[in-house]
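Read top to bottom, the protein sequences are chains U and C.
Counting from -8, one number per residue, gives the positions in the first sequence under my numbering.
Counting from 570, one number per residue, gives the positions in the second sequence under my numbering.
Since the hints were made in silico from the structure, they are not lab data.
Misleading hints may appear alongside valid ones.
As the list claims (entries may be wrong) - Some chain U residues judged to face chain C by a derived CB distance under 7 angstroms, without partners named: (1) T7; (2) V33; (3) A36; (4) L37; (5) S38; (6) A46; (7) R88; (8) Q91; (9) V93.
Stated by the list, open to error - EDC-like, lysine to aspartate or glutamate: derived pairs with alpha carbons at most 16 angstroms apart: (10) K21(U) <-> E621(C); (11) K45(U) <-> D64(U); (12) K16(U) <-> D64(U); (13) K85(U) <-> E621(C); (14) K82(U) <-> E57(U); (15) K21(U) <-> E58(U).
Here the structure is a predicted model, which is why all the values come from computation and not from measurement.
Note that CB positions come from ideal geometry on N, CA and C, so glycine has one too.
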Amino acid sequence: MFKSTQALFGGLLWKTPWRLSSPQKARQRKRLRSVDRVVDTVSAALSRNGQSSKAVERWYAEMPREEEMLPKDKYTLFDKKEKSYRKSIHKLPKWTRVSQRVNPPGF
Amino acid sequence: MSYFRVTLMRSAIGLPRRSTDVLKALGLKKRMATVFHPVSSSVAGQIMRVKELVQVEECEKRLTKQEVHLERKPDPGYYVEKTVARQQKESPVHKTFGTLRDPMPGDGIRHGQDLSGD
Chain U
-8 MFKSTQALFG
2 GLLWKTPWRL
12 SSPQKARQRK
22 RLRSVDRVVD
32 TVSAALSRNG
42 QSSKAVERWY
52 AEMPREEEML
62 PKDKYTLFDK
72 KEKSYRKSIH
82 KLPKWTRVSQ
92 RVNPPGF
Chain C
570 MSYFRVTLMR
580 SAIGLPRRST
590 DVLKALGLKK
600 RMATVFHPVS
610 SSVAGQIMRV
620 KELVQVEECE
630 KRLTKQEVHL
640 ERKPDPGYYV
650 EKTVARQQKE
660 SPVHKTFGTL
670 RDPMPGDGIR
680 HGQDLSGD
């Protein structure tokens, strides 16, 4: 049976919700923590063997940890085209497999 | 000498070519694959490149593929107390079992069942 809905009538209709659900946010926090854990393990192993890595040092210098991050930075990112200069992080392509932690200061 | 134990948890499908190439260089071909690399700054840099996709542990010993597989294998729920050497093929079969040895308390599961059946 045909039911006239906006999606079936064609046209441009985005079905992606504009905000994250709370389980999505929980999984996002879990992923952030797992990345922190990987970096911590690598750093601890290197220091135990008296070595160092530029990539690890740079990560510690630039990136906040999950518990240091503001909720705003965990779940949204800067976008100049948005009215509030922020859009939800799930709009970022491959957002579950990329590290996006810092945003421009002041936004 | 310690090793990085790297397990691929998420695939690199759709990610930039460089990520896929780093996984290939580490020897990770499919999800849940585990590789061991000595702790060094170059391997650390490779891991940092794919840190969102892998799980890393530090371990003292390099395990073989077989040993990694056995870690994941579930407990079968029984164990064989004593393995008995295989007899030469004789006929009839049930006599072979009878002459093997007498049933004793504390027999393994397999032997107990075979002897009680006779």
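For each hint, the structure was consulted:
1. Given hint, T7(U) at the interface with chain C, is violated; its Cβ is 17 angstroms from that chain's nearest Cβ, farther than 7 angstroms.
2. With a least beta-carbon distance of about 5 angstroms to chain C, the hint placing V33(U) at the interface is held under the 7 angstroms criterion.
3. Restraint check, A36(U) versus chain C: the minimum CB separation of about 4 angstroms is within 7 angstroms; hint holds.
4. Taking 7 angstroms as the C-beta contact cut-off toward chain C, the hint placing L37(U) at the interface holds, the least distance being around 6 angstroms.
5. With 7 angstroms as the threshold, the beta carbon of S38(U) stays out of range of chain C, its nearest partner Cβ sitting at about 10 angstroms, so the hint is violated.
6. With 7 angstroms as the threshold, the beta carbon of A46(U) comes within range of chain C, its nearest partner Cβ sitting at about 4 angstroms, so the hint holds.
7. Evaluation of the R88(U) hint against chain C yields a held restraint, the C-beta minimum of about 5 angstroms falling below 7 angstroms.
8. For Q91(U), the shortest C-beta to C-beta distance to chain C is roughly 10 angstroms, which exceeds 7 angstroms, and the interface hint is violated.
9. Restraint check, V93(U) versus chain C: the minimum CB separation of about 16 angstroms is more than 7 angstroms; hint violated.
10. For the suggested pair K21(U) and E621(C), the alpha carbons sit about 11 angstroms apart, so the restraint of at most 16 angstroms is met.
11. Only pairs whose Cα atoms come within 16 angstroms are accepted, and K45(U) paired with D64(U) is rejected, the gap being roughly 25 angstroms.
12. A C-alpha spacing of about 12 angstroms is found between K16(U) and D64(U), which places the hinted pair at or below 16 angstroms, so the restraint holds.
13. At most 16 angstroms may separate the alpha-carbon atoms for a hinted pair to count; K85(U) and E621(C) meet this at roughly 11 angstroms.
14. Taken as a hint, the K82(U) and E57(U) pair is broken in the structure, with Cα atoms around 20 angstroms apart against an allowance of 16 angstroms.
15. Using a Cα cut-off of 16 angstroms, the hinted pair K21(U) and E58(U) holds, with the two alpha carbons roughly 11 angstroms apart.
Violated hints, in rising order: 1, 5, 8, 9, 11 and 14; the structure is consistent with all others.
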